[in-house]
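For chain A, the structure is supplied; the task is to place chain B on it using the hints.
Same order as they appear, the protein sequences are chains A and B. Residues 1 to 234 (our numbering) are what the first sequence spells out, left to right. Residues 1 to 313 (our numbering) are what the second sequence spells out, left to right.
Keep in mind the hints are simulated off the structure, nothing from the lab.
Stretch-level coverage of chain A by chain B, calculated; a stretch enters the list once three of its residues show a Cβ under 8 Å from a Cβ in chain B: (1) 113 to 127; (2) 130 to 136; (3) 139 to 146.
Note that the Cβ used here is the ideal one computed from N, Cα and C, for glycine as well.
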Amino acid sequence: MLRKRIVIALVALIVCPTLMFAAGTVSGKVTFTGTPVKPKPIDMSKEPSCAKEHATPVTTETVVTGPNNALENVVVYISAGANDEGQVPPQAVTFEQKGCQYLPHVLVMHTNQELKVVNDDQTSHNIHPLAKVNREWNKSQPPGTPPISEKYEKAEFISVKCNVHPWMHGWFAVLNTSHYDVSKGDGGFKLPNLPPGKYTITAWHEDYGTQTADVTITGNETKDVDFTFKAKAY
Amino acid sequence: MNGLKPTRNLLGAAMGLAFAIAVSALAFAQDAPDVGPHPPQPVKPMESHIGKLTGHSGAAKMNFRRYCAGCHGELGDGNGENAPWLDPKPRDFTIATFKCRSTPTGTLPTDEDLFKSIGRGFTNSNMPIWNTLAAQERADLVAFIKTFSERWEKEKAGDPIQVPAEPPVTIESIAHGKLLFTKLECWKCHGPQGKGDGPSAATLTDSKDQPIRPYNFAAGGDDSRFKCGSTNQDIYKIFMTGVDGTPMPSFNDVIKPNDAWDLVHFLRTLQVHRHSAENEVLQAAHGVIPPYTEPVAPTPASTDNKSPSGGGN
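Bound conformation, chain A alone (with noise of 0.2 Å):
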């Protein structure tokens, strides 16, 4: 009877650890069905400083595609089950003025997680994120001035627009986890390091809408999620 309590103890004490440890990945495609509208070009001739960045000239980035119909720029998060809303990561993340566009064209924050708006360019932009779960703040950046440093409190998605140049247009997404990815390339996405549990996985595109998905992941597994979204016409 000992023995077999012995054994039983052996056998949680070297599985257990295991269990601990397991991590799980959830990943796939994100792709759209239907046309979607045509990127127009942008003309920047009134900032000629910007202009002369191009080549060519650059185009609108609301809906951005891949080969084989890959849906670029969605957020895909854990927005159930992730548990780690009070860990802010430490470092901070960068959104960048350059060529009087925005890169990235969506940046994804941990709430609280501190935020550095770069001007790289010649000429002053205004940054202004159009919060309203926020505060909706604006400033005005001038071309080598230090980095604008802020952060936000809530989750959110925020518009975000420079006033001066009216085609510049990006997003902040804020959200409560740092299980994120951003779809690009072949609209493919990767949610690592999930321990065993529950979860639902939203992904997010600024014209598309929101899709959300239920998954549970017992030990190191993969698990395959793909999400289609409908194009619009206009």
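Only chain B this time, still in chain A's reference frame:
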């Protein structure tokens, strides 16, 4: 008597029917369809403090309905019955973003900021000058405005910016202001002469996506007022706190206070039809603003070979 009885019964029946209709009409009225003005939900009473005055939201309810709700709406969301005819639109108090503040961009104004805004009105808009209301009434209305957004319960007002003493108006100050106006690219919206005709002016939209025009300094005759006041201190605060909810950003992080005063002096000369100390100085200089040269700091008598640092831009 037999003849009367049927009449009385009919009368009774008619009255009973009328009564039933009335009762059911009342009951139906309480279940009215979801249209028409809703009385605001019970909210936490708020207070305001302006100097020695204390305002109470409870005391302002009737004044708000009488004077304010027509434009700002019963719910304080800017959707009053007059709103479709107005441009700019009435302020939406539910988002607690305000144009005229002494506090940094993105922060709540002080009670005094709101008190002044009500009393002063907003030039070039339909917001009247409410100095006709007693100070206590205006203080009560400030407290009432704070009931429309829970931000007032959760956040403190921002710390008012420090406005240093104004230096003398000189042609050098004006010249420096002109240089700043160019370097900070104010002209991109306001235009080179501040007429509101800059290259980006036509595409400006406010934070509710409504078209909005930049301020035209040259218009307005001898009484050119700004949205947020009429004094040099008011102009200083406008660009050092930004006009929240509009394209006008805050320049607080990129202008030094003395430089900001130079910019104020230059901006006054853009108000070409207004008598001002600045325009007098400009006239004394024959209407010509000289190019600005950075003052060179005196080289200390030492073996240090470093070049002197001039005044900051």
